[in-house]
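Input sequences plus hints: build the corresponding full structure.
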Amino acid sequence: MTRTLLQQELTEVQEEMMVMAEMVASAIERSIRALKERDVELARQIIADDMKVNEKRYGIEDRCLEIIATQQPMASDLRTIISVLYIIVDLERMGDHAEGIAKLAILLADEPPLKPYIDIPRMAQVAIAMLRDAVEAFRRRDPQMAREVSNRDDEVDALYDQVYRELLTFMLQDPRTIQRATWLTWVAHNLERIADRATNICERVVYLVEGRIQEMNVSKY
Amino acid sequence: MVSQEAPGPSVQVPVPRVEREALRPPSEEEAVIEVRGLSAWYGPFRAVKGIDLRVPRRRITAIIGPSGSGKSTLIRCLNRMHELVPGARVEGQVLFEGQDIYAPGVDPVEVRSRIGMVFQKPNPFPKSIFENVAFGLRINGYRGNLREAVERSLRAAALWDEVRDKLGQNALRLSGGQQQRLCIARAIAVEPEVVLMDEPCSALDPIATLKIEDLMRELSERYTIVIVTHNMQQAARVSDYTAVLMMDEDRAGYLVEFGPTREVFTNPRDPRTEAYITGRIG
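These protein sequence lines are chains A and E, in that order. At the far end of the first sequence sits residue 221, using the working numbering, and the numbering has no gaps. At the far end of the second sequence sits residue 282, using the working numbering, and the numbering has no gaps.
Take the hints with a grain of salt, since some may be wrong.
[What the hints assert, rightly or not] Computed footprint of chain A on chain E; a stretch qualifies when at least three of its residues, placed anywhere within it, have a C-beta under 8 Å from a C-beta of chain A: (1) 208 to 222; (2) 233 to 246; (3) 258 to 270.
[To be verified] Here are some chain A residues pointing at chain E (derived, C-beta under 8 Å): (4) Arg3; (5) Thr4; (6) Glu66; (7) Ala69; (8) Thr70; (9) Gln72.
Hints are computed from structural coordinates only; laboratory data are not their basis. C-beta: ideal position from N, C-alpha, C; glycine also.
In structure tokens:
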């Protein structure tokens, strides 16, 4: 096979993207743990770690630009690079949402617990699985898998509705809960955004394999 | 996925721009060849002037620039090929492993055996494939196993599998790309430290070109390679470092920029380099 250097660089940049995706998935997981366990130390760590995610993104972007400038990628090679460039932006923003949850976890740790967390961790579980599966669909170049992953956004949206309704009830019944309930709505909102961005990655998988941009599962939020 | 942003906390932090890793030109120790204040003439015409350049060891250095900017002249000065043209002369120094190859008493033939060259047009001798590779070894009085040395060189030049069954065949019957790899095998048979390549792919089709480029990558693990190319994309693809030459008003070539290839092609320091690689001049 010719063009071994290009192949190697393409492989490396995709591996870097997978590493970044795992950094973000772990940040989301830990942010929910920090929330549930009222672990301020862990939350602070997530906020600090977000810097590393951002650095990773710019590192990958740099390498992509270098490949475009020096290797003249064409066709599927070019689509791979462009997809990576878009996906790392989504990943970085997902990292920001995890950081947002960590900040809210710090605020909430100072307040008495409002209620046991059930639906928010479920939302997180689905969103994180969507992220990991979207990246796996990318690795496998599997548009069918990508479409299935993006359909799971409905589940996250439904959970978000549920969380919102429940928190609204708390606020109506007892205005002293408004502050905490609002913060928890924001947590849920961050998770909803994460799932949405996972569907963006799915769109890139379809683009990568089929060469066309197709909007998938438009979120109601 | 366009959706309305619901109200929520600002979750963004200022994003620092990560500095590129510090990349720098090679130091004196890393340079296998160091060019100092080099000028070269053809009779009264000065083709290159005032070149300072360090060629890093076991790396691929590309020399690019518009036609007439002195790329070929410069590379020919690196192994004393330039002086083979009648009326040609050189000023300045070319230090190879710290020794000036233009110092009195230096044998140019010895220089050329340690700094080999591959030319634009494949130029195999009208002899067998085997003899082409063995030639340099024979005239250097090689005492080892000739067959083994030939095989080793052909393998290193990624040609062995294609010619192992026809080593006695006339080299001129090979394809252009194969002939060029044979010339590379011939050049590396005598175990040089540096291989100079003067537009080695300009007579080849795109696939043969990519094969030579892959081969250069492999060879750079053992040899220092300097390649002159009019094909900017090739320089970008294959090299670690890039030197950019331009022509001044007297039509003498001079060095505009030298640096890591990724820097030269993504963020050149000199506006003339920018203009050249973006196709604005040249």
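Here is what the structure says about each hint:
Counting residues of the stretch 208 to 222 of chain E whose beta carbon lies closer than 8 Å to any beta carbon of chain A gives 5, which meets the minimum of three for the stated coverage. Counting residues of the stretch 233 to 246 of chain E whose beta carbon lies closer than 8 Å to any beta carbon of chain A gives 4, which meets the minimum of three for the stated coverage. For a cut-off of 8 Å, the count of residues in the stretch 258 to 270 of chain E with a CB near a CB of chain A stands at 4, and the three-residue condition holds. Look at A:Arg3: its Cβ gets to within about 6 Å of chain E, closer than 8 Å, so that hint holds up.
Residue-level restraint check for A:Thr4 holds (minimum Cβ-Cβ distance to chain E is 5 Å; threshold 8 Å). Here the hint on A:Glu66 is kept, as its CB sits about 5 Å from the closest CB of chain E, short of 8 Å. Given hint, A:Ala69 at the interface with chain E, holds; its Cβ is 4 Å from that chain's nearest Cβ, closer than 8 Å. Satisfaction of the interface hint for A:Thr70 is found here, the shortest Cβ-Cβ separation to chain E being roughly 4 Å, below the 8 Å cut-off.
Look at A:Gln72: its Cβ gets to within about 5 Å of chain E, closer than 8 Å, so that hint holds up.
In this structure, none of the earlier numbered hints is contradicted; all agree with it.
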